[in-house]
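As you go down the protein sequences, you meet chains A and B in turn. Heads up: the first sequence begins at 695 in our numbering, then just goes up one per residue. Heads up: the second sequence begins at 3 in our numbering, then just goes up one per residue.
Read the hints as simulated data drawn from the structure, not as lab findings. Since we're looking at a predicted model, the values are computed, not measured. Hints may be right or wrong, so weigh each one.
[Claimed, not checked] Among chain A residues calculated to face chain B with C-beta under 10 Å, some are:
1. Y716
2. Q727
3. T778
4. L782
5. N790
[Claimed, not checked] Restricting the straight-line Cα-Cα distance to at most 25 Å, the calculated cross-link-like pairs of lysine to aspartate or glutamate (DMTMM-like) are:
6. K750(A) - E102(B)
7. K26(B) - E64(B)
8. K764(A) - E64(B)
9. K80(B) - E735(A)
10. K764(A) - E102(B)
11. K70(B) - E102(B)
12. K26(B) - D765(A)
13. K26(B) - D59(B)
14. K753(A) - D765(A)
15. K80(B) - E64(B)
16. K764(A) - E85(B)
Yeah, the Cβ is synthetic: ideal placement off N, Cα and C, and Gly gets one too.
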Amino acid sequence: TQLLEQSPQFLSIQEGENLTVYCNSSSVFSSLQWYRQEPGEGPVLLVTVVTGGEVKKLKRLTFQFGDARKDSSLHITAAQPGDTGLYLCAGLTGANNLFFGTGTRLTVIP
Amino acid sequence: DAGVIQSPRHEVTEMGQEVTLRCKPISGHNSLFWYRQTMMRGLELLIYFNNNVPIDDSGMPEDRFSAKMPNASFSTLKIQPSEPRDSAVYFCASSYRFTEAFFGQGTRLTVV
Chain A
695 TQLLEQSPQF LSIQEGENLT VYCNSSSVFS SLQWYRQEPG EGPVLLVTVV TGGEVKKLKR
755 LTFQFGDARK DSSLHITAAQ PGDTGLYLCA GLTGANNLFF GTGTRLTVIP
Chain B
3 DAGVIQSPRH EVTEMGQEVT LRCKPISGHN SLFWYRQTMM RGLELLIYFN NNVPIDDSGM
63 PEDRFSAKMP NASFSTLKIQ PSEPRDSAVY FCASSYRFTE AFFGQGTRLT VV
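Okay, chain A solo, but in the shape it has when bound:
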C-alpha cells in the first residue's frame, strides 16, 4: 500500500480566509489527483497534475505537484461555505493503482 498522508486532518475556518492542504508521500507517482467528497456521495475529481512542479488553477483553488512527484498541495483563496467537504488526494502508481490519501475535512463557517 502506498501511504499518502494529508494534513491537516480537520480544518475549520471563517468565510473569506485562505487555507492550504498538504498531501505527502515517500513514493513517486506518475500523476496526482485531487477529489472532493460531499456527504453521502462518492469523491468527484477536481484536478490532475502530472509533471513535477506543475501548478494548476481552478477558480479560487490552486494545486501544485512537488518537483519530485511525491507531494502536492491545495491552496484555497477566500474560502466560501460551498467549499466545505472532504478533500482527498490520490496518487497513481506506475502499476496503475490509484491510492487515496487520508483526507482533509474542511468546514467553512459563514
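Knowing the structure of chain A, use the given hints to seat chain B on it.
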C-alpha cells in the same frame, strides 16, 4: 450515461451472513476499482480490474472477501461470512485509461 451504478445503497445484515455488492461501471471504461471507506482508515483500495482482469487484490483484507468481473459491464464484491468489522461504505469506481476515476454513490454496509 447514468454514471457508475451501485446496489444496494444500504445493506444491513447479521454477522455470518453472505453479502454481495454490485457495480455497473460506465460504458467504455476499462478499469474498475473497489474501495472501502471508514472514518478510521479512510478510503482503502481493495482491488482493481483492468479489461475485466484482476490486476492487484493486495488490498483485500482476507479470504472472506472476493471480487469478480465476469464482463465489462458488471462486477461484484462478496463477503462471506460477514463480520461487524466489515461495516463501512463500499465504493466502486471506473475509469478510462487511468485518467479520472468516476465513483458510484456507494453501498453503506452494516453488519450487526
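Query raised in the report: Which numbered hints are broken by the structure, listed smallest first?
Result: 1, 3, 8, 12 and 16
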